[in-house]
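Trainee: Starting from the given sequences, assemble the full structure and let the hints guide the process.
First to last, the sequence lines map onto chains A and B. Counting from 1 along the first sequence, just add 6 to a position and that's the residue number in the working numbering. Counting from 1 along the second sequence, just add 344 to a position and that's the residue number in the working numbering.
Note that these hints are calculated values from the structure, not bench results. Computed from a predicted structure; not experimentally measured. All C-beta atoms in this analysis are idealised placements derived from N, C-alpha and C, irrespective of residue type, glycine included. Where hints are given, some of them may not hold.
[To be verified] With a straight-line Cα cutoff of 25 Å, these simulated DSS-like cross-link-like pairs (lysine-lysine) come out:
id, chain 1, residue 1, chain 2, residue 2
1, B, LYS425, A, LYS240
2, B, LYS359, A, LYS132
3, B, LYS638, B, LYS359
4, B, LYS372, B, LYS425
5, A, LYS132, A, LYS240
[Claimed, not checked] Every beta carbon over 12 Å from chain A, so not counted as near; a handful from chain B, in silico:
id, residue
6, GLY405
7, GLY406
8, ASP476
9, ALA479
10, ALA530
11, VAL556
12, GLN609
13, ALA649
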Amino acid sequence: MHLLAFLIRRLFQAIIVMLVISIIGFSIQSNLGDPLRELVGQSVSEAEREVLRDQMGLNDPFFTQFARFIGNAVQGDLGTSYFFKKPALEVILDKFPATFELVLAATIMIFTLSVPAGIYAALHPKSWGARLIMSASIVGISVPVFLTAIFLIAIFSVNLGWLPSFGRGDTVEMPWGWETGFLSLDGLSHLILPAISLASIMLPLFIRLIRAEMMETMRTEYVRFAWAKGLHSKRVWLTHAFRNTLLPVITVGGVQIGTLIAYTILTETVFQWPGMGFLFLEAINRVDTPLIIAYIIIVGLIFVVVNTIVDLIYTLVNPMMKLPGAAA
Amino acid sequence: MPLLEVDNLEVSFGKHQALRGVSFTLEKGERLGIVGESGAGKSMAAFAVINLISEPGRISGGSVRFDGRDLATLPPEELRKVRGDRIAMIFQDPMMTLNPVLTIGTQMVETLQAHREISFAEARRIAIEKLDLVAVPSAEARFDSYPHELSGGLRQRVVIAISLLCDPEIIIADEPTTALDVTIQAEIMALLIRLCEDTGMGMILITHDLAVVSESCQRLAVMYAGKVIEEGAVNAILQAPQHPYTRGLINALPQMNSRGGLLTQIRGTMPGISELPEGCAFHPRCDFANAACKTAIPELRPLGAQNVACIHAGALKETV
Ligand SMILES: Nc1ncnc2c1ncn2[C@@H]1O[C@H](COP(=O)(O)OP(=O)(O)OP(=O)(O)O)[C@@H](O)[C@H]1O
Ligand SMILES: [Mg+2]
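Mentor: What follows is the structure, given as structure tokens:
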């Protein structure tokens, strides 16, 4: 019951968010470039252009055009890419697996590294290890992602020759045409450097967040009571303190993981990773407006989905929370 | 030899001393009340007994003799085995004591499993038995509840049930009823006393309320500014308080003022740990203070049936 109410409410919110994004997308379309020139070139006379313009509805009132745009978008028609001469949505979705796997790999790295590092730094704040982690994370925060990427390429690709520096390598075809790099050794080796670069953006932030929240929970009365009950340290740290640390980390972390998608534009470009971000930058260079809009809308959709999943996880971890928005 | 013998226990935060000498003894099955103003160090003393002072505080002197060992210097693993198993503790605010993300059952079973080789089913059986014992209604269902689903009074019952799980020899209760509704305060207090009497468990009861101590405890320790300034049998102290501060406390109580004299409030306020005066910490508020009181900190010394930390203690008798 709660779940249903939650989903309905979420769906409603998603529609509003997507509507706003569509407005942005549409205003880009009507202000950026001349679709006619992209389609017919320069050789057509002004009179003929005017006829075409009428036929395409470009002279219709703003609202009519916008309604048509939305109507098409809902049916999955986000226009045709000028450059690829294919439906924009299709072009984007072709690149989705590459970006998804990059973000997934980075997220796994962030989680598996920041949790132990953050907990350790919280429990032994005065140790050398903790000081090292904290100073490294300050450095990490201040180094821009493309520098990290270039640095990694210089060391591991150019100097040592251990890892490839561009492309996805061999991929394996899965159901629904999903090309995965996870299942081949070559694909995995191509994934390492881009994933590290992408992870390096959020890793320091997560370590500091987990450390701060963990130190906070370690001071609570219920943790003190756990000690007074004579529990083993591991139990107090992991079950009592860390479980409660997770709640704020999930809330903040979920949003940050969404932001990672934005950073894929940079990372994918440096590593020429054939994903949506790389495609997006190319589309901007080519003023391929339908593709730009399709990208913005798809990324907006991903944001909405990620946030919903994060909220769901949050309620699973926190028994005190009814699903947000589902409370009577 | 007493079961628990706390001797001149000190706790420091940097250069400040939060506890400046806490001494008392507790025989098996005995109940000791610790009273004192807010900030006197009662909670600090309770946590120091089980060596659970959080950073940056630390035990800087004294000893806690329990069953022949000193808890103040015991290795962590040995200390862990004592906490929750042989000495249990109840905190002041039941709304904060239970972990919000774990079920009551989890928080009970883990306690048993920390101290006994025991299966989940067996631990669950004991847990429900203890919940029944403290009169938690429909204990089986409550086992799977989360703390937020329970009222404050019920939560404190659960906390008490948790503290009883391993049948401890001593239970330390730090103002177990102050955070509760007035209507259920007496109920919880009566429950605790009954449990002690039924099981022969000893108790250290921390409270503001001298009247509660007089009804339920055999021994009394009075704390002032981080120090126990008078300690002994409840009746002896109530009849013949030796420390001027204790006398002041008793005179301020309507029930105790049997001679029909005026209720008197002690003038002034207790100093914080960073603003302690030279000599006896009580002297600025004391009617008997003289030059000697301003220089030397009085030791807790035996006087008749009790121990008193005041240089006037013997001489005070005539003026009562
Ligand atoms: N973390 C800390 N750092 C420094 N001083 C502290 C700290 N915690 C407590 N104190 C000091 O220790 C003293 C004793 O505090 P404690 O909580 O034991 O008092 P209490 O007698 O239990 O008071 P109450 O009746 O209000 O519970 C207080 O003066 C307090 O300021
Ligand atoms: Mg207290």
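Trainee: State for each hint whether it applies.
Mentor: Structure-based check of all given hints:
1. B:LYS425 - A:LYS240: Holds: LYS425 of chain B and LYS240 of chain A sit about 15 Å apart, inside 25 Å.
2. B:LYS359 - A:LYS132: 20 Å, holds
3. B:LYS638 - B:LYS359: 21 Å, holds
4. B:LYS372 - B:LYS425: 19 Å, holds
5. A:LYS132 - A:LYS240: Holds. LYS132 of chain A to LYS240 of chain A sits at ~19 Å (cutoff 25 Å).
6. GLY405: 22 Å, holds
7. GLY406: 20 Å, holds
8. ASP476: 20 Å, holds
9. ALA479: At roughly 21 Å from the nearest Cβ of chain A, ALA479 of chain B sits farther out than 12 Å, so the non-interface label holds.
10. ALA530: 24 Å, holds
11. VAL556: Nearest chain A Cβ is 22 Å from VAL556 of chain B, so the label holds.
12. GLN609: At roughly 32 Å from the nearest Cβ of chain A, GLN609 of chain B sits farther out than 12 Å, so the non-interface label holds.
13. ALA649: 33 Å, holds
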